[in-house]
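Visitor: If you want the building blocks of each chain, they are given just below.
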Amino acid sequence: MKKQLSIYTYILLLAGTVITSCKKLIEIDAPADQLVTSSVFLDTLTADAALTGMYSRAANPNPGTDMGTATSMFNSMSADETYCYIYNFYDDFTNNALTPQIYYVDALWGTLYNNIFTANSVITGLSGSPLPEGYKTRCTAEAKFMRALSYFYLVNEFGAAPLVMSTDVHNTTRQPRDSANIVYDQIEKDLTEAQQVLPATLDLYGGKRIRATTWAATALLARVYLYRGKWQQAENMATTVINNPGLFRMKEDLSQVFLANSEEGILQFVNGITSSWLANNFVPFAASPTPKFVLKDGLYTAFETGDKRKDNWIGIKTYGGVDYPYPAKYRYMSGVGAVEYMQVLRLSEQYLIRAEARMRQQHFTDAAADINIVRARAGLSQTTATDAPSLITAIEKERRTEFFCEWGQRWLDLKRWPGIANTAVTRADEVLSTLKGTMWQGTDAFYPIPQAQINANLNLSQNPGY
Amino acid sequence: MRLTGMLLFVAFITAYGNGVAQRVTISGKAFTLKQVFTIIEKQTGYVVLTNNELSAQSKTFPVSATDMPLKTFLDKLSGDQSLKYIIQDKTIVLSRNTSPSPNTPTIMILAPEKPSLSGQLLDEKTREPVIGVTIRMKHSGQGTTSDASGRFFLRDLTEEAVLSISSVGYAPLEVPYKKVAALPAGDTYAANGIRIFKLNTGGIVIYLARSTSNLDESVVVAYGTTTQRFNTGSVVSVKAEEIEKQPVSNVLAALEGHVAGLFISQSNGAPGSQMKISIREQQSITSGKLPLFIIDGVPFVETPINLVGGSTSQASGATGYVDPMNSINPADIESISVLKDGDATAIYGSRGANGVVLITTKKGKAGDTRFDVNAYTGAGRVTNMVPMMNLQQYLAMRHAAFANDNVQPDHSNAPDLTLWDTTRGTDFLKKYIGNTAYQTEVTGALSGGSPYLRYRFSNTWRHESTVFPGDWGYNRYASHLSVDNTSRNGKFSVTATAMYTKESNNQAASDLTSTVVKLSPDYPVYNNDGTLNWTGGFTNPESYLIQSSKFKSDNLLANAALRYTIIPGLNAKVSIGYNKISQSTENYQPKASLNPNSGSGQSMASYSSNYIESYIVEPQLDYTRALGRGRLNVLLGGTWQQSNYAQPYYITASGFSNDRLMSSWVAASTILFKSSSFTEYKYVSAFGRLNYVLNDRYLFNFTGRRDGSSRFGPGRQFGNFGSVGAGWIFSSEPWMKTTLPWLSYGKIRGSYGTIGNDQIQDYGYLSTYGNTFYSYNGAGIYPVRSANPDYGWESSRKVDIALEIGLLKDHILFTASWFSSRTGNQLVNIPLSSQSGFSSYTGNMPALLQSSGWEFELKTTNVSLQQFSWNSSFNITFPRNKLLSFPGLSSTAYAYVFIVGEPIGNDNGFHYTGLKDGIATVEDLNKDGKFTQGLHQTMNGDYNMIARASPDFYGGFSNTFRYGKFQLDVFMQFAKQTKQDFRGATRGFPGALANQDADIIKDGFKPTVTVGGPAANAYQNYYLYSDGVYSNAAFVRLKNVNLSYELPASWAAAAKLKSAGAFIRAQNLFTITSYFGFDPETGGSVLPPLKQIAAGIHCSL
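Chains A and B supply the protein sequences, listed in that same order. Counted from 1, the first sequence has number 414 at position 414 by the working numbering; the numbering is strictly sequential. Counted from 1, the second sequence has number 973 at position 973 by the working numbering; the numbering is strictly sequential.
Derived from the structure by calculation, the hints contain no laboratory data. Treat the hints with care, since some could be wrong.
Said to hold, decoys possible - Cross-link-like lysine-lysine pairs, in silico, DSS-like; alpha carbons within 25 angstroms at most: (1) A:Lys24 - B:Lys573; (2) B:Lys591 - A:Lys317; (3) B:Lys76 - B:Lys42; (4) B:Lys930 - A:Lys436.
Bound-form chain A, shown alone (with noise of 0.2 angstroms):
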């Protein structure tokens, strides 16, 4: 009896021993190089962390393409101004043959809504924070105007999209595609918001100008007036900016337009550690024998002798005794410094917008000095148009020489105007069917929907022709 009260003695010691100390051995620290959410926006030293966080990974996203490199490349050979040399595998936008399978667009849609999210959790995070109610509208209003950035190239680029306003992954994650004018409107909303409260100086981020102020939201929302056909408010909006000399001004050497704090710089993303990514992307490097991205022929013509542009934001590497022009905007690569930012909102778009939005009001003399000033910058003469059909064409034709590879200017371009000779189909359709034949149809103006997303999200819907 003695030898078994031992042994149940044992046992319950043994027994009792772990199962009161359970819970405070699976106790774990939270991870070493993380920081637990609800704890980001409770100091405004963090809070900025976030906030730089959003902009950091809109500029560098990682794994993937940042918008601005993504949109420039990708649309660039969706248009009609470039090609690759060297790969085959972007012939699919070349050729306008994408396929749902695509990895590319599937990247390019992941990049936008990881904005949007990152967006969206610093507005959630900053509405249940007891921080100071000055500080948060600020960050709010960046937030809201990184996510109206974002959705402006989703609708362009993908037409229809979901509207996801909110962090609760397990309802956004079935969120059907909203019309393109809810999206739109929503954007409007965000701009108007932020503008309103948004800082009218540089002085908030050391002088630079790599986070939005009221002038982006500006800026951008001009671009977005613009396009829904809003004449007026457009003209007003890129007023608004262009009456800044003290803060924005055209650049008169063109080398300069797109370094660092360049003063045509309305918003500028800090890309990578050294320099830009579209340098690397578009630039072959000093030791390739071969181009890597080539002009085609119709954009390299449109330069006007003279044109000051095609000597600075070209460039040319002679390959078996054969010239190729190819995108040269950026041109400091890696390993250089961080020369060169990239231009999201410049000033001689703001000066474009409103010449076509005052030749879409009648304003033809005040349309031909918007253009002007643009024109003289590249060292060219003023123009000839005075009436509707040749400003239209100045238009097309001044934007695709300053705009050319730059955030798909010309493909958005392309797809929302009519068309000249045929105001019943798209500029998009005339000119890419003149140029790529049957392999062009009306519905590739859209990228289509990632098959990845549909697998994953059931309620997307493909867009046509896919």
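Fit chain B to the known structure of chain A by using the hints.
Guide: Chain B alone, transformed into the frame defined by chain A:
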């Protein structure tokens, strides 16, 4: 030191031993005899054997001796206490001297009413005590178990009593008491394989013989050992001899095909590469599918450690993910037990759902010090190359493609036709993977010891080179030390094992196979100026040979198990283990290797360091006793485990002033990328097991466990698991023996258990922010994980039913088992659409997945003669898995891949319907005029299931022939499966600037050069997603042949060797398959497993 001969034994009895060297020091006024005996045992290491009467004597007396020789002391003690003694071997047998001493009064000894018996159980060969053996009286069913020194005492015997003695690993014995009682002291009783020696005291020594039947071989199971005969669970054990025959670096490769229910396949043929392993099919949709690996009681993480931190760019060169098991030296492994069913695995609770693999390393054996050397060297090659187009065929295809599309070849779209020398072709496969790889392995092991202290110390060095051109190689140095210490009285023992492995793997930057198959036959590797040619969009294979990937790994695994016998039958144990695997990978990309089109031309290098560190402490109480007509074993224990997964750094740097400075990032001008991560995992549990064997034929086994894991959110951390197992050895029923005399063994067993799975990421329940990789005018953070605190355990319910049969004295052993495992509450990474901001989150799904199947094993002894023997072993497994139910499937992302009622993990795709004008066509299953992805059944797409993830069946067949001193082993492995073929893996469309397999034009495909054109579109978007690129990957492989010769003992002795021999071993000698690709096991276009032939010698000094 060891007395084995009976003659010597008898001589000692008469000669009073020679224990003169042992000395005794003792001083005190009141000792009992028992106390004195204990002191003698402690000081001399001798075992004192006496009867109950003496040791129970409570009278005390003074004793005093200083450094007195043992014999003198015993003489004195015998005189004083009227005893007599004999010394035999290391045992002192003491008894009452019948002639009363004049100094002490005679003590009346009351004879017990019924006779009693004391005895000791010793192993026949090693003479070591056999512990924990049940000795029962057959009729009454009462009995006892042997204690830590193998001793037992039985009361209340009757004349007719028959003692039944059974123990794991020993042949069962039945001893009639009458015979023992009648045996004169000093005599030996030997009959029917039983040998019993009667001592002067009346006690007996029973020598137990090891069982020769496979059924009685010791099998390592959870927290103990058993035999196949008495096991209620499904366990397969693979012994060292099976592993040693195969010249492979990874022990998992040696297990392929040997174990029913265990499916293993290599991911590529490079040394150190990852093995895919699953036990009895996939149990979980997305959570970890790996079995739990336990090496000497220490959990071993089998997930490639270079995955820690999550970035795929850290994979180690041509090897890819490095299999951690590669850092376990197969030569140090004694046995591997694969635990498959609920009964065998439930005691591992939340970690055992995918099965458990227990690896036990070698221990020293008592005996003379011996030094074993084993060395072999060999060579390997790729056996099966995919036939590619030669230069003429290739050029014809290219010209036809341009003609078809009416496109002019120019420098940009056709450097192969316009720039390169179209008269010279190269067989790139032969050039880059057609070389010979060499391997050498040398093992030296020192072992020996006494019954109380045994040791083994072994060191192995292994080198393997690769089939790629250049000086690449894998080196492994493994050291293993094992020490066992048992106290003189056998009550306390310590087993300590330490294993240290150092690996270094210097590999080309990538597996060249998939790169070189694409090269145009006229592709010039070098430009005229000697630089690498980068035109044509190809990856230049030479760049991978200039680049390198240096992988280093250190693995330290240490374990100590302490056991103390509190009372006979009750042992307290504690097992403490530590494991740390550290790996570092450095990838160098010197300037000369870089494609100037796609990089800055700056040399680049990446550096990563990863480690996993685990601690485990497991206290246990183990109690064995005879109970009723049976044997009872109770185990109680607890586990505390902590694992730290860390990536201290992962850095990518560029801009080295000199390529020779790349071994440190300090020399880099730019840090392109940096990250680090740390995670922690804690785990705690209490478990218990109750095992009862009634009448040696009714078996019962119950286990239970309560687990807590830090991987779950607050309130969800704990779970309960358990199992019930039972077996009936019907062949032991008396009526069975008479009805079916040819049936030597028959057992039916079954089990049911619930087991969990916590193989999910750490911190999954926490929503967190992490650091951004790039600074944006300052450091930033961003959301890295969305939270779901509500997920809980995924648990499997497992059923296993088996029939085991032995015929013709166990010459034929057959096992058939059916298993089924149902896993519900599936813990999955629920895929999210990108619009939510994340790609997935962790959560439970109401899906119910069933894995089931049949396993058959057959072991036969075909011929068993003195000179010649032939043994065969065959196993085959038919696995199935099926999604039983999935409420709400259609609203989840899984609707795209799963069908209720069908297996999961399938490949889905179009049905290929042949070519129309050279353009691939597929079936429009839903007849909507479009070809859309998505399953026909669930999404109204045009996809159907085209291949199952797991084989229809697989298995192995091995034969061992022994003729005199020669032994020949032949092992065949087979599987029936369907896999994506070579075309599906390489993907380029015919006509593009890349080589193709030789048959593609003969098959009728129309070559084209236009991306997005009809032919290319149909090929890339329909054909490549169809069953047209799936091939029958069934195969029969002569996996291993081993021919060995053992030198006759007399010759070896003449050379002053204990033993010596030579052997030739071959791996993957040939494969019969119709698979279209390099190899049906690895599939696709990766380096296939090599055919290896090695020759070597072994000898013992």
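Visitor: Measure nothing beyond the straight line between the CA atoms of Lys76 (chain B) and Lys42 (chain B); if it is 25 angstroms or shorter, mark the hint as holding.
Guide: 19 angstroms, holds
Visitor: Check whether the Cα positions of Lys24 (chain A) and Lys573 (chain B) lie no farther apart than 25 angstroms.
Guide: Distance ~23 angstroms between Lys24 (chain A) and Lys573 (chain B) Cα, so the pair holds.
Visitor: Take the C-alpha atoms of Lys930 (chain B) and Lys436 (chain A), compute the straight-line distance between them, and say whether it is at most 25 angstroms.
Guide: 24 angstroms, holds
Visitor: Quickly compare the C-alpha distance for Lys591 (chain B) and Lys317 (chain A) to 25 angstroms and report which way the hint goes.
Guide: 22 angstroms, holds
The structure shown violates none of the earlier numbered hints.
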